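Those sequence lines, one after another, are chains A and B. So for the first sequence, my numbering puts the first residue at 1; every next one is plus one. So for the second sequence, my numbering puts the first residue at 1; every next one is plus one.
Just so you know, these hints were derived from the structure itself, not from any lab. Predicted model only: the values in this text are computed from it and were never measured. Careful, some of the hints might be misleading.
Here are a few chain B residues that face chain A, going by a calculated C-beta distance under 8 Å [to be verified]:
{"#": "1", "residue": "Lys-3"}
{"#": "2", "residue": "Leu-4"}
{"#": "3", "residue": "Asp-58"}
{"#": "4", "residue": "Pro-60"}
{"#": "5", "residue": "Thr-163"}
{"#": "6", "residue": "Arg-164"}
{"#": "7", "residue": "Leu-167"}
{"#": "8", "residue": "Met-182"}
{"#": "9", "residue": "Pro-185"}
Here are the simulated DSS-like cross-link-like pairs (lysine-lysine), alpha carbons at most 30 Å apart as the crow flies [to be verified]:
{"#": "10", "chain 1": "B", "residue 1": "Lys-121", "chain 2": "B", "residue 2": "Lys-132"}
{"#": "11", "chain 1": "B", "residue 1": "Lys-132", "chain 2": "A", "residue 2": "Lys-154"}
{"#": "12", "chain 1": "B", "residue 1": "Lys-121", "chain 2": "A", "residue 2": "Lys-152"}
{"#": "13", "chain 1": "A", "residue 1": "Lys-111", "chain 2": "B", "residue 2": "Lys-121"}
{"#": "14", "chain 1": "A", "residue 1": "Lys-214", "chain 2": "A", "residue 2": "Lys-125"}
{"#": "15", "chain 1": "A", "residue 1": "Lys-125", "chain 2": "B", "residue 2": "Lys-161"}
{"#": "16", "chain 1": "B", "residue 1": "Lys-162", "chain 2": "B", "residue 2": "Lys-239"}
{"#": "17", "chain 1": "A", "residue 1": "Lys-111", "chain 2": "B", "residue 2": "Lys-132"}
{"#": "18", "chain 1": "A", "residue 1": "Lys-125", "chain 2": "B", "residue 2": "Lys-121"}
{"#": "19", "chain 1": "B", "residue 1": "Lys-132", "chain 2": "A", "residue 2": "Lys-152"}
{"#": "20", "chain 1": "A", "residue 1": "Lys-68", "chain 2": "A", "residue 2": "Lys-125"}
{"#": "21", "chain 1": "B", "residue 1": "Lys-239", "chain 2": "A", "residue 2": "Lys-125"}
All C-beta atoms in this analysis are idealised placements derived from N, C-alpha and C, irrespective of residue type, glycine included.
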Amino acid sequence: MLKVTDLQAGYAGSEVLHSLSLEVRDGESVVVLGPNGHGKTTLLRAISGLIRPTGGRIEFDGQDITHKRASDIVAAGVIHIPQGDLPFPELTVIENLLMGAYRSDAWRQRKYKLEQVFELFPVLKERPNQLARSLSGGERRMLALGRGLMSKAKLLMIDEPSLGLAPFLVENVYETIRSIRNTGLSILLVDENADHIADLADRVYLLEAGSLIKEGGASEMLHDEALLAAYLG
Amino acid sequence: MEKLFQAVYGGILYGSIYGLMAIGLTLIWGSLRMLNMAMGALYVVGGFLTWTAYKQWDLPPLVAIAIGVLAAAVIGLLIQVLLINRLLGRSSFFNAAMIATVGAAIMIESAALLIYGPRVKQMPPIVAGQSKIIGVVIQYQNLVIIAVTVISLIALSIFLKKTRYGLAIQAVSQQMDAARLMGIPTVMTFMIVATIGAAFAGLAGSLLSSVFYVSPTAGYAPLTKALIVTIFGGLGSIKGTIWAAYIIGILEAFLIVYFGAGFALPVLFLFMILMLVIRPSGLFGLGEVQRL
Numbered sequence: 001m002l003k004v005t006d007l008q009a010g011y012a013g014s015e016v017l018h019s020l021s022l023e024v025r026d027g028e029s030v031v032v033l034g035p036n037g038h039g040k041t042t043l044l045r046a047i048s049g050l051i052r053p054t055g056g057r058i059e060f061d062g063q064d065i066t067h068k069r070a071s072d073i074v075a076a077g078v079i080h081i082p083q084g085d086l087p088f089p090e091l092t093v094i095e096n097l098l099m100g101a102y103r104s105d106a107w108r109q110r111k112y113k114l115e116q117v118f119e120l121f122p123v124l125k126e127r128p129n130q131l132a133r134s135l136s137g138g139e140r141r142m143l144a145l146g147r148g149l150m151s152k153a154k155l156l157m158i159d160e161p162s163l164g165l166a167p168f169l170v171e172n173v174y175e176t177i178r179s180i181r182n183t184g185l186s187i188l189l190v191d192e193n194a195d196h197i198a199d200l201a202d203r204v205y206l207l208e209a210g211s212l213i214k215e216g217g218a219s220e221m222l223h224d225e226a227l228l229a230a231y232l233g
Numbered sequence: 001m002e003k004l005f006q007a008v009y010g011g012i013l014y015g016s017i018y019g020l021m022a023i024g025l026t027l028i029w030g031s032l033r034m035l036n037m038a039m040g041a042l043y044v045v046g047g048f049l050t051w052t053a054y055k056q057w058d059l060p061p062l063v064a065i066a067i068g069v070l071a072a073a074v075i076g077l078l079i080q081v082l083l084i085n086r087l088l089g090r091s092s093f094f095n096a097a098m099i100a101t102v103g104a105a106i107m108i109e110s111a112a113l114l115i116y117g118p119r120v121k122q123m124p125p126i127v128a129g130q131s132k133i134i135g136v137v138i139q140y141q142n143l144v145i146i147a148v149t150v151i152s153l154i155a156l157s158i159f160l161k162k163t164r165y166g167l168a169i170q171a172v173s174q175q176m177d178a179a180r181l182m183g184i185p186t187v188m189t190f191m192i193v194a195t196i197g198a199a200f201a202g203l204a205g206s207l208l209s210s211v212f213y214v215s216p217t218a219g220y221a222p223l224t225k226a227l228i229v230t231i232f233g234g235l236g237s238i239k240g241t242i243w244a245a246y247i248i249g250i251l252e253a254f255l256i257v258y259f260g261a262g263f264a265l266p267v268l269f270l271f272m273i274l275m276l277v278i279r280p281s282g283l284f285g286l287g288e289v290q291r292l
């Protein structure tokens, strides 16, 4: 479904990703593990069109999306839930969610989608008219996930879902992602630690300094404690 | 009492006009983080086209106003498409866009001078007649101006709050990256904003063509006031801009009524400077994050 080949990308003058290749198959849930500052976020930003890749190729559903605009990539069904949530601070919870359904095809189904999201995140249903800037960290994370799910997503890309959350909320977030995964959506998740992904990942890639250094099935990779310890510390 | 009423009435009238002029500046700042210096020229476009439609084409006043607004909107959109869109993403975007819009303003004013000549034009009042309330002469056309302004500002708020495209404009101005990740086409949003802003400036010029004279350089005074208003209210904040428009308008009217017209502009600038010192982002400003 998603096929990244020899991707190079970065920011003005400094290349972050060097010849990175990865694949997410239909219905699969793939986790890219890597320490901070090694290119996880850059990878997702390049796929979703927020930054322009300088080399390589990104294909989605057989279609070349390497140099497509972000709005066309969303239209194709690739939804990126960004690091730090990036809510629209002066819009209410419900307005934030509606923006997730901005594309015409999703917009027509917004009422139905909204019900689905509220079912998954009852906490959002309780405060539809609260401004996003006044939500707590946990609520903001739910809002970011819910906003992503308002779209017609085929592949959901999630950037460090536990970042900045209170410890007692973290397991809750991964639980939610597991239930999203069980609806059949393909998932590409990037994370810094392997603690919560055992029941979530089908395959795992290890990323270091902008290149993928190892790839394998989740069970073998995550049980190789020596490898993980050496690699993630 | 008479003076007080005179000042409040004048203030609401000025505030309405400033609101119309400033709303475009603030909308465009909100989504593009740039100052559109062609707003004054678009005001002139609105005034001249309304005059032409009424005087030369013999159309009814309301149709003439609609033509003035439409013409300004089209030219505002052209400025966006032909100039601003090409500058997007440059590191010097803010300066480049400001200079480009100054250039556009000069072109439009020169064109107006060639077409209409240097002599000023004036529209007859949209609605003639006046009456005296508490010793103050109230011209009906001024009431029309206030009413049209309030209605269009309310319509704009509803558009921004209740429609998909309106919410998208707010989304782009509050969190550009997230807006792109929602699939909101940003360049299209910029074009919508530029068109709405220009239409409002055109509406101001069009309505005022019956109060003041229309001339190629008539846009500078309203542009200056609109800049004061948007900086005072907080660039990018619709709410702040509307508040500031009426605060500045009433303040100006009080200064004129009680101290004379000569005091108005210097004191307004003083106010703006004080605001910049005390609260640099204005009453309800968005701050000055650079993001394009």
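- Restraint outcome when Leu-4(B) is required to lie within 8 Å of chain A by C-beta distance: Cβ of Leu-4(B) sits 36 Å from chain A, so the hint is violated.
- Message: Can you confirm whether the C-alpha distance between Lys-132(B) and Lys-154(A) stays at or below 30 Å?
- Response: Since the Cα atoms of Lys-132(B) and Lys-154(A) sit roughly 68 Å apart, the hinted pair is violated (cutoff 30 Å).
- Query: Given the hinted pair Lys-111(A) and Lys-132(B), is their alpha-carbon gap at most 30 Å?
  - Reply: 54 Å, violated
- Query: When you check the alpha-carbon spacing of Lys-121(B) and Lys-152(A), does it fall within 30 Å?
  - Reply: The given pair, whose Cα atoms are some 55 Å apart, is violated under the 30 Å limit.
- Measuring from the C-beta of Thr-163(B) to each C-beta in chain A, is the shortest one below 8 Å? With a minimum Cβ separation of about 10 Å from chain A (threshold 8 Å), the hint on Thr-163(B) is violated.
- Message: Next item in the hint list is Pro-185(B). Is there a CB on chain A closer than 8 Å to its CB?
- Response: For Pro-185(B), the interface hint holds, since the closest Cβ of chain A sits about 4 Å away, which is under 8 Å.
- Query: When you check the alpha-carbon spacing of Lys-214(A) and Lys-125(A), does it fall within 30 Å?
  - Reply: This hinted pair is violated, its Cα atoms lying about 42 Å apart.
- Item | Satisfaction of the Arg-164(B) interface hint, Cβ to chain A closer than 8 Å | Holds, about 6 Å.
- Item | Hinted pair Lys-239(B) and Lys-125(A), Cα distance within 30 Å | 27 Å, holds
- Message: Can you verify the interface hint for Asp-58(B): is its Cβ closer than 8 Å to any Cβ in chain A?
- Response: This interface hint is violated because 43 Å lies over the 8 Å limit.
- Query: Once the shortest beta carbon distance from Pro-60(B) to chain A is found, is it less than 8 Å?
  - Reply: It is violated, given that the least Cβ distance between Pro-60(B) and chain A is near 38 Å, above 8 Å.
- Keeping to a limit of 30 Å between CA atoms, is the pair of Lys-111(A) and Lys-121(B) held or broken? 53 Å, violated
In terms of the numbered hints stated before, the structure departs from hints 1, 2, 3, 4, 5, 11, 12, 13, 14, 17, 18, 19 and 20, listed from lowest to highest.
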